[in-house]
Amino acid sequence: MTHAAHGASEPHTSTGVDNVKMAMWTFLGSECLFFGSLISTYLLYHDTTGSGPTSADVYDIPFTSISSFVLLMSSLTMVLALSSIQQGNPRAMRIWLVATAFLGLTFVGGQIFEFTTFVEEGLTLRTSPFGSAFFVLTGFHGAHVTIGVLMLLGVVAMSSFGRLGPDSARPVEMVGLYWHFVDIVWIVIFTVVYLIP
Amino acid sequence: MSSPETHYEESNHPGPAQYVRIAVVLFCITLVEVAIYYIGPLRGVLVPMLLFFSLLKFVLVALWFMHLRFDTRVFTWLFVAGILLTLSVFAVVLLTFFLRGGAAPSPPALGG
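Order-wise, the sequence lines are chains A and B. If you count the first sequence from 1, position 161 lands on 161 in the numbering used here, and the numbers rise without skipping. Position in the second sequence (first residue = 1) + 1000 = the numbering used here.
This is chain A alone, in the form it adopts within the complex (with noise of 0.2 Å):
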């Protein structure tokens, strides 16, 4: 880097902590609890399937597995992004955001179409207590990936036009964290709605 951009911008501190990045992690420790929530009710309400289709009737482990693989190879490419900036290369940063914010929407896409195959096989957010704690859950997910996508490219944006400022790299760095974030949620939704039966 830029260890001589880092120079021209200190990072703000009240406690010896960079302000900002602590507010982001306290952030993610919110996103925990709430998450943590939502499978929770999964986990009570996912054999509670009335006359609606169960887990094992809709759910398609390969397909599943392929968008996981893609979500974390979206981290790959996320902090190849930070790697990059942290160089001084902002054109490869540019590169490797637009990459991560390409597989982010590939992921969301990936569950629009699983969505649309479930409501046709019958479950949808109101056939059972089981389709309402997956939709919510998964969808919640999905939105995070969405917000996360936009954030990428919002970085891209201001990149492209020179209004990162000096710093530029604590804002790859804190979106690089929400997006890992969400990444490290699919990880235990993978495991804990999908794989295990």
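You can take every hint at face value.
Reference excerpt, derived from the structure (chain B facing chain A, CB under 8 Å, subset only):
| hint | residue |
| --- | --- |
| 1 | V1020 |
| 2 | A1023 |
| 3 | L1026 |
| 4 | E1033 |
| 5 | V1034 |
| 6 | Y1037 |
| 7 | L1050 |
| 8 | K1057 |
| 9 | F1058 |
| 10 | M1066 |
| 11 | T1072 |
| 12 | V1074 |
| 13 | L1078 |
| 14 | V1089 |
| 15 | F1090 |
Simulated restraints, written as ranges between beta carbons of each label pair:
| hint | chain 1 | residue 1 | chain 2 | residue 2 | range |
| --- | --- | --- | --- | --- | --- |
| 16 | B | T1096 | A | L153 | 39 to 49 Å |
| 17 | B | A1081 | A | P62 | 28 to 38 Å |
| 18 | B | L1087 | A | A143 | 16 to 26 Å |
Hints were generated in silico from the structure; no laboratory data involved. Ideal Cβ positions, reconstructed from N, Cα and C, are used throughout, including at glycine.
Given the structure of chain A, go ahead and fit chain B onto it with the hints provided.
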């Protein structure tokens, strides 16, 4: 103001090659997870194995990609506090479930 602690240890951050190696490990773990899902004889130990692999992937991403391994411990504790609170909520939910004799509480009726 700032102190030396406010500087990220960016010089200690892994390089692209290290990130790729971690991604390959994550990919392999995911492959193993999906494979054991389809292996019938492993059904008895499926859940603990899946939970172990999931935890492993979680920790790898948090430590390496989110740089918790290289940042100040304060961030680790903030995140761990969120996870511990989450597990507490989960334990209370399971306890509620257990006290009701194994029956999930009835969800509110769907309107319309």
